[in-house]
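Given two chains presented individually in distinct reference frames, assemble the corresponding complex, making use of the accompanying hints.
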Amino acid sequence: MQAQSEIGYNSKIEGDVVVTTVDAALNWFRKNSVWPMPMGLACCAIELMAVGASRFDISRFGSEVMRFSPRQADCMIVAGTVTYKMALSVKRIWDQMPEPKWCIAMGACASTGGMYRSYAVLQGVDRIIPVDIYISGCPPRPEAVLDALMKLQDKISKQPVIENLTITNLKKEAV
Amino acid sequence: MTSVEAAKKLKAKFGDLISEPLEFRGEASVTLTDAEKIAEVCLYAKNDLDFNYLVDISSLDNYGDDPRWTLIYHLRGLNNGCEVRIRTDVSEEKSKVPSVLSIWTTANWHEREVYDMMGIHFKGHPDLRRILMWEGYPYFPLRKDFPLAGKESELPGIAFTRITPMEGGPFVTVAGGNSAQSREPRIRIPETDSLETMSRLERRKEIQEAHGHPKGPGPIEKK
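Heads up: the protein sequence lines correspond to chains S and V, in order.
Mapping to numbering that gives the first Met the number 0: the first sequence position 167 is 166, numbers consecutive.
Mapping to numbering that gives the first Met the number 0: the second sequence position 111 is 110, numbers consecutive.
Pulled out of the complex, with its shape left as it was, chain V reads as follows (with noise of 0.2 Å):
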């Protein structure tokens, strides 16, 4: 059996729910057109299709479109070698799908990391925390209206959040330089580059309301 073959036998089962198979170097992906199906599709597959490992839940985040969310399960036979992908939709209000805990237990962390980073619920998970992030961090990182940059958050006793420089240091590159040398950070002079004089004023800001004293790295007075 190939994948796209497994994938055809999904097909055949499911009928409209499943789409045509997609072949990409031997792997297939079908897409599932209703999420609340997903255990019951993951299920046959591991049933009658011999799919005993789940390699990967992953997330999208089509922010603008709707529906919102795209989950995708990838599935592997460990003793026939194929591999399918099935992919889903889930719309933004609902934010829930089924969880497949029940038929691999992998997907317990699984689930709990999409939960942790998209904010998207697992039914039936029995214990859906968050694994990267602490128990009430109050944002889900991975989503598209969430800035790199962070934002701040407080929980006394646990951890907090500040947000960070993008700009300024020796790992950021300038952006609209007109040549390689001019964007490139490490030869940024620290005593005469405005970027970085301003990075470090700033830190030295945030060293003097922890501690009280001004002591932050590198000098800034030479010129």
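Next comes chain S alone, as it looks inside the complex (with noise of 0.2 Å):
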């Protein structure tokens, strides 16, 4: 006899309330679909790609939803060298992601220019871009990148939302 079971919402069972805070709930619909702009620019890129493929799998964590178009990114993982040639593309594409976006810097050249000491390149792509979350190595281990990925949902589930809006910063300067 085949067993019963009733799909969808079952009142019985989920009619509970949770209550929470608009900024609780918001952070988490936030944190789960991180939608990352894979900026790749060397070798780094390589191991992200990695880090979306099966083995390491970064569904798990609702990133898998990469997007190259920088309006439909909130993450951006830059993986690679930064040239000066490139810098400005970068900051241009960083500047046409929505808010609310983050910026991870995988990798060794990313956060430092790593063993780039040279002319040609960019020592840091902090110094164009706010940076949220550095990754150490060269290219990083996937595990690191979503090690990364998990610090970043911690620092989104801290942050204010409600309070960052603009029509309650426009209400304040009403008042």
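Here are some, though not all, of the chain V residues that point toward chain S, as calculated from beta-carbon distances under 10 Å: (1) Ile162; (2) Met165; (3) Phe170; (4) Glu205; (5) His210.
Computed list of lysine-lysine pairs in DSSO-like fashion (alpha-carbon distance at most 30 Å, straight line): (6) V:Lys143 x S:Lys84; (7) S:Lys90 x V:Lys204; (8) S:Lys154 x V:Lys204; (9) V:Lys122 x S:Lys84.
Note that these hints are calculated values from the structure, not bench results.
Glycine included, each C-beta is placed from N, C-alpha and C at the ideal position.
What follows is the structure, encoded as structure tokens:
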């Protein structure tokens, strides 16, 4: 005999009310669907691909939707060496990303220029865009990228949302 | 035909312009005394000696010597397996040689690279732009009088460069340490090493200037 199961909303089981704050709820939405913008500039991008593939599987953290359009992305992962020739393009793509947005500097080059102490390489992407998480390694292991993502999720879950909304700011100004 | 025989044919054709060929592991090198003749020599090498492939054009900066530049054309015959290098000197005042683009089209990018890095011009090149650096970058970075750390430059909306710190950080060896251990950058402790602390403070200052907050990488407050 087939076991009967109800598909969908079951008021007997799920009817309980969950009490939370708007901030917590919104942050919960945000942190579990961080859409990355893969700014792959060197060998770190290869490791970034591994993070997206089945063995490491970034979709466990809700970030499998790699967006190649900055307008649909939440988190720029700068993976690789940022040369001065590329620097302003990176900045421009960052500026095109809508708020709220975050940035992960993946690997030694993106964080500090790495071993490229030369006339052609920007010494850390934090000189042009604000970085939330730095990952060490040359290149970092995929696990390190996932760890960075978890740390970013922690950070997102603690950020005030309502306070930062434009509409509440406008109200404050009116008062 | 071996490489040396090919080089000897070049010498037979151009006489005193071409030096006696030097042989090294089956490859030959000759020196051309007049850089103005490089296109003629190359045309002969391609048409009559079957050097159908220009492997590379490399340039040297003999800083402090005259003539300052040396150009080396690496020629290969894919059918006969010969390899001949033609060296030629160019003075700094002149800094100009005839282009070999009409002989091998691949010379287009080779010559652009030499121009980009050394600032040597090529007469008759149809599109002598920079190839690695951007148009408007004011220096030629492979010259010996250009520092590795670079120089400041600004081209609003296109690119900028800053001087790179050459000390501190996990990738730079400390010169002059007594043991391999004291030179090793990876075992330095950021909180106690003054070189590390200084470079981090420097970074924070720059980040403060760029973003208005000092949140840079790593802690430096701990002792």
